[in-house]
Amino acid sequence: MTTAAISRSDFWLRFSHSKNAVIGAIIVTIVTLAAIFAPVLAPQDPGKVSILFTWEPPGDRYTLGADALGRDVLSRLVWGARVSLLVAFSVLSITLVIGVTLGMIAAWSRGWPDSLIMRTVDVVFAFPEVIIALLIAAVLGPGTLTVIVALSMVWWPGIARMTRSLVLSLREELFVEAAVACGTPPWKIMWKHFLPNIISPLIVRASIGVGFIIMAEATLSFLGIGVQEPMPTWGGMIRDGLPELRSDPHLALAASASLGITMIGFNLLGDGLRDVLDPKGAR
Amino acid sequence: MPGYIARRIGGLLFIWFVAVLISFAALQFVPGDPILVLLSDQSGDAALEARLRADYGLDRSLPLQFIDYIGSIADGSFGLSYRFAGREVIEIIEGGMWITPLLAITALVIAVPLGVFLGIAAATRAGQLADTAIILLLVCGISIPNFALATTLVWLLSIKAGLLPVAGWGSFSQMILPVVVLTVPPVAYIARLTRSYMLEVFEKDYIRTARAKGVRDRLVVWRHALRNTLVPLLTSIGIIFGGLLSGSFVVETIFNIPGLGRIAIESIFARDYPVTMSVVLLFTVFYSLINLAVDLSYALIDPRIRLQGQSA
Amino acid sequence: ADLRTTIPADPAMVDPITYSELVAGDVMGNIYESLTGLDAEGNVVPMLAESWEPLEGNLGFRFNLRQGVKFHSGREFGAKDVKYTFEQLLTPGMKGGLGARYLDVIVGAEAVKDGSAAELEGITIVDDHTIEIAFTKPDVLFPVYPIYIMDAGIVDEHGPDWASKVSAGTGPFTFASWNLGQSVELDAFADYWGGAPAIDGVDFLVVPDANTAMSMYEAGEIDLLYAPPTLNRRILTDEALADETLRVPAAQIRYLGMNENVYEPFKDINVRMAVCMSIDKEAMIEGLFSGAALPLNGQVTEGVAGYNPVLEPIPYDPEAAKALLAEAGYPDGEGLPPVKLSTTEPNKNEHIYYASQFQEVLNMPVEVEIVERATHIKAMNGGEVPFFAWGWSAGYPDALYFLSQVWYGPSPYNRSRWQDDEFDALIEQAFETVDNAERYKLYNAAEKILIDDYGTCPLTVRMQVALVKPGVEGVSLSPFRFLPFGDVTIQ
Amino acid sequence: MALLEVDGMSVTFKGLRGSIEVLRDVSFVVEPGEVVALVGESGSGKSVTSLAIMGLLGKAGALSSGVIRFEDTDLASLPPATRRDIRGRDLAMIFQEPGTCLNPVYRVGFQIAEALVEHGLCDGAEAERRAISLMERVGIPAASERFRDYPHQFSGGMKQRIMIAMALACNPRLLIADEPTTALDVTIQAQILNLILDLQRERSMATLLITHDMGVVAQMADRVVVMYAGEVVETATAQQLFTAPAHPYTRLLLRSIPTARVKQDALPLIDGTTPPATDFPQGCRFHPRCPLATRECAETKPDLTSVATCQAARCLRLDLPAEALEEAMAI
Amino acid sequence: MTALLQLSGVSKTFRVGAAGRQTDLRAVRDVSLDVHPGETLAVVGESGCGKTTLGRVMLRLTPPSAGTLRFDGVDITNIDAKARRELARDMQIVFQDPYSALNPRMKVADIIAEPLVNLGMSRAQVRERVARVMETVRLPIAFADRYPHAFSGGQRQRIGIARALAVEPRLIVCDEAVSALDVSVQAQILTLLKQIRADTGVALVFISHNLGVVRFLAHRVAVMYLGSVVEVADSEALFTAPRHPYTAALLDAIPEPDLSMRGKRRVIEGDIPSPLDPPPGCAFHRRCPLAGDICRKEPPPLEAKAAGHEAACHFAETELP
Ligand SMILES: Nc1ncnc2c1ncn2[C@@H]1O[C@H](COP(=O)(O)OP(=O)(O)OP(=O)(O)O)[C@@H](O)[C@H]1O
Ligand SMILES: Nc1ncnc2c1ncn2[C@@H]1O[C@H](COP(=O)(O)OP(=O)(O)OP(=O)(O)O)[C@@H](O)[C@H]1O
Ligand SMILES: [Mg+2]
Ligand SMILES: [Mg+2]
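Residue numbers (the numbering used here), protein chains in the order written: chain A, 451 to 733; chain B, 40 to 351; chain C, 55 to 545; chain D, 74 to 404; chain E, 921 to 1241.
Everything labelled a hint here was simulated from the structure, so no lab data went into it. Since the model is a prediction, treat every value here as computed from it, not as a measurement. Any given hint could turn out to be false.
[Stated by the list, open to error] Ranges between beta-carbon positions, derived for each pair:
#	chain 1	residue 1	chain 2	residue 2	range
1	B	Ala332	C	Lys219	38 to 44 angstroms
2	D	Thr255	B	Arg343	40 to 46 angstroms
3	A	Arg569	B	Ala332	18 to 24 angstroms
4	A	Arg569	E	Val1187	35 to 41 angstroms
Backbone N, C-alpha and C fix where the C-beta goes; we use that ideal spot for every residue, glycine too.
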């Protein structure tokens, strides 16, 4: 593993020298803080309906305007960050656990467990993700859980495949053979030798993945199977705001901008991390 | 080689079968019985309901229904649509069947060279301002949701400027906007991949060898480096194609293109399961065929792979 | 030139026998005609029947059919076609659609339905253009029922899948082609009895996405747009579109269903009153519907025969509502068990508003639940849904459509299970009362019982919004969607 | 006139923590037709020296002082295009890893002919003909068939032969060979080294042979340049180096090589390790490991001083008798 | 003297190639060797001749395809995974590449402790033992908390040796343990190994292609060519009077740091044959100066040519030119 050869102090030094990583990290931190402190930061109750102020443009009453039910857009954005990140992090955790476990098992065992896992991966890959999501949404009914389950279904094979290929090359490393020679049992080899050595490419992938998951949630919302009311989500806000793009652009714009900037943040962070963690990076 | 292809095709048949099985099974759990959808307001009428169930063979056991469906695939009709009384599924999907892959492949054919070009432009300027600018542009490219991009483009180019038709299918001008919207994310993705693969290849010993021979910088990049990045790039073509197929759902809806993506959404919402299953199967078929093509084309690009396929 | 407009989906069918849904109706209304039709105000006017009179004891009608009407095939329209159509609708295996349910009162309908007879016993062809239809019980509204009459010869001539090839109606347009997923195209019928249309045909483009349809209208790719409610705000706030906008209230009631069998507190009239009084309809119409609605006071809409214009609105009065709730034993909502306000995705915002009002004004523990449409309808039909707002569109322009289907005890569509014997008796009596004025009195009496009992909260009447390009004349938007486009001209 | 003259060359690399001087004041000459060996342990700067001569240091590295004269042209001052033209034609290079130095996706024939075409020396068909004869010359059987094969179809030794054919394609005046045989088996290594010697004589080409293997030096070199920690510590003829090494490092190094010729019971040890470029010691860079080091060695930078004709060393204690080292180590 | 490790007729065959078109690759062919307690047996040969594979078989990291393997008299040819893990108590390995043999994500102390932890030792015992072996290999105890990347190649190799020594094994296989090191560091490690051997009496199987190193360290040497052992002898006998022409060629090919040898080397022709497609008869015959007709047909058996000196050559008696 080439990525393995970076010390901790070097990491921060390289990190601070990578424009992408720093800008990305700043954006991600802001969004994450907004999500965590949504209850404090949101100026109003995001569900508060004010039928007399529907589509109120940005101004004193509502900093970023109000939506079709007169709810405060800024508050909904902040709470929306919460939902987006909740979905993203849940999906990531689930897919990482499943994907990494199965990927490691596949690579370690070779033989039939490998075939079984990789054929399953092939099948899932061959299903367009929207169809998977639609099917799951149809089964579970639309909602946060659906989005999480659907996106997890879509995402784990990628992680499993990546883990498998990383581990396949790792298991040729001498230190793995050394561990076997020392009498280390397989589960411990996976846990102590494989995992720490694949974690950084996984982190890179995860950080880029977060952006895509947030976007995927938005797309599912657009197709009507995303996270449901009363939970505000960016995707839902964009969907609701798009028809009114000309008469009242503030809703769609605010949500699109938040989504876009967050995507940019995670992507830059991921790209930056890739450069930072690659010892033969551009610099 | 023929043995290899036979084995691959066997694998494909298996995947297709599993795809049908999974979609069939999944649809059993979907709330919103197709018959209830047909009945709509009349869903209190038990006699009518029973009659309809019998008409569509839904009163039979699940294994029998599944066998029926497989049989209908074999005879090419793909079963009867629930939504369109008396119509075979093939009639409903045959119009859209080629539209979605056509769109996806067109987008791919544009995206790959463009993305590679941008990626190389960034890689050869690694660390410079131009590199940062290109990366930023690319990240923006993937960060704009396709439905937002589509809406904006329609407003600017079709309504304001009147240059292109808003929607529909059939003429070349109607293809432009959907293809552009579909192309943006893969361009960005391919460019970023190309950039990182290029940077990796630039470190390779054979690049140094080429320079030591006195080969011009431009040739070093385009001749010696590029071809070595194509193999890993090809690997991601499958994923990109999958993304394009998924993208077709939104793009076909917004641009009102009667392709498989729109048919899929309509049929799922209308609980027209035979159509849904057939569309799922077709998507799976397209996707796995592209992957097969990709695998076969490795050998064209990288001679090492050809030898492994033959002698080993 | 062709008139270009959109439909939100492919029609499920284009034949008059299985005809059973809205989009198909939009298309087929231009191809097929019924015994009677509507004018722009929603009044019943003679179409294929020039006149009709009840048979003895109100047990049937004699129709004098219009002379000189030609089918698209060129054949003359006559009594045999009416009989043929009715029999086809009832024959098992033909999957008779909407039209079939109006025919149950005809003598011998049961026998045809269960396959024991091929011909309808109750129909007598008096001569080529006179037909008598006998009933088992009085149904004074029979002439109003919209049943598309088809060309009796067509099936023999073209086989069972004739509908996708030829057209079998008498309307101003003939079916030309149906390009699945793209469009349905109609051609003008030169021999139309009402005079050949001025336009060459009608193109119905299949455009599921409302925003796309709107963009197409703006870009001039279509001439006419029947706007779904999601576009209302965009259209009504755009001054540039003001001259192109048509606004006509729909013949559709919207009510709040409170099923006391499922949610105990609704048994108390005070609770029902409190609920009704906590909705601010005026504010909702402005804020949520951008003005594209009217408040509804009773359970019959304007433009439908039997409408009562003098009903008092239920006031928006939060204080009174609170007081009523306290009187019912739930001061400040205390003691109210939680309840779900169920609906489908498109009606989400409206329900969120109601729920927010109930929570705010009454402190009622309400939660909005979004359900898949068919499941929701099944549950409502089954009387399982405690609390919902739903609509009901008139299938023919008579108040009885609403009253007998939504509130009449035995009706399968009595979704909130409100029941009152006196009301039911009035409805039954109305079916036998030929005299219109007499009958309308019965309607008003029944409606008053319903309203006074707060068996429902009348909500709003949806405003239909349509856009017509300048230069397109003669489009009429009735309370029942567009009238056929036979009189349309395009410059 | 020297073919190549490196004079006072220093090379720095830009890193995250500032610049690192990897080479300092490196000077040596290569006369036409001779084999000069550049030896030293890993990290001593051998490869950087060769890359600096080739002008292939990349973006991060730069010549911070000194001149590199090739046939009296100052290479560093040439415009990039001219420099590129010399590279590959007059100055050729082969590398350590034959496996990774050939482009895996092009036929070997093409890769050999490429330099000829690039430098405009002949057209495609002629280049192909010459490539085949080169392949024959370096001892690849059935060259006219194997011409169309890909690198992975050759063994390591054959790949290195192809690399040599590639480097020789334009008849260079100077061949730089950076550890050309380290990756190969002993028997194959011997074949390749003999081949290089033959070709070098045949074409009266000068060779700068980079290696860390004193055995290879003994078999090949006319003159030797010993590097330690980015500096040249000794230059000498091969004869002088093996019979009378001057610098303590050279002396220790020669003796710590286990030989298969005789049975040894113990190896003299040089304590410690080569310092990394970020952390070169003050004064004499070898002093922390040198048994002869004094305080002065830790403070004063020694210069390269002449000890005999053609022999110079960078040490402050050259005046000590040869036995002094033995005595110092015995303690 | 009973053998500590005894290999008889051991072969190792790999199936290589894509499914359906597989061929056998015989990496190790019919090898019989003994390793005695406290002795150092060197295995030499060129790249790909099967040295590493043989080492892995000895440690039972991979089961042999044929033949039997005894450790301390016990047959360990077909033991299960758990029993194999138990073997780590007695047998350890040191690898060539000090960079990839250490997990970059583990601290030095954890790396050295790994075999001890696997044996279920208590934490205190482990700590104490780690400290002791670090001292043995002369690594300052302060390094215990660092990660491998902070060390030079020689230091890393010491960590690897410490790991192998920690359990106090009776046999250590050193697979090219010094090949990647600089000459000066190589000398340090060789000296260290020699010292450890003297102090602990551990037996070493020392795999190398560097004959100089082998001569310095080994008691006995086995020469491998294309999977087979072609000559086994005491170190001195082998270096002074090689019996197999391949051994002789190997000795000749070594570039000695000795000007007097210049130009006097005899270089054998030809490439090393591929193990996928071995020549018939004696595997060396295509490169052998002595080869006769019999060599093309019959593989020569490994037989004693002198006391303790075995060679596999039809012409081993012939005086080498
Ligand atoms: N691109 C680079 N950036 C920074 N430092 C470098 C670079 N290339 C080489 N160095 C440093 O320069 C020094 C000399 O390296 P060089 O590769 O010349 O050593 P060498 O003598 O060839 O060693 P080896 O025998 O291992 O090939 C080393 O300390 C190395 O870390
Ligand atoms: N796991 C494996 N699968 C298939 N073939 C293998 C495997 N391991 C080794 N081989 C093959 O077995 C032969 C012997 O390999 P081995 O690694 O034992 O040689 P070696 O003598 O150690 O070489 P080196 O000096 O290069 O380390 C080689 O041809 C190698 O390609
Ligand atoms: Mg080097
Ligand atoms: Mg090996």
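Hints versus structure:
1. B:Ala332 to C:Lys219: 38 to 44 angstroms: 40 angstroms Cβ-Cβ, so the 38 to 44 angstroms window holds.
2. D:Thr255 to B:Arg343: 40 to 46 angstroms: Because 24 angstroms falls outside the window, the suggested range is violated.
3. A:Arg569 to B:Ala332: 18 to 24 angstroms: The hint (18 to 24 angstroms, Cβ to Cβ) holds, given that Arg569 (chain A) and Ala332 (chain B) are roughly 20 angstroms apart.
4. A:Arg569 to E:Val1187: 35 to 41 angstroms: violated, 53 angstroms
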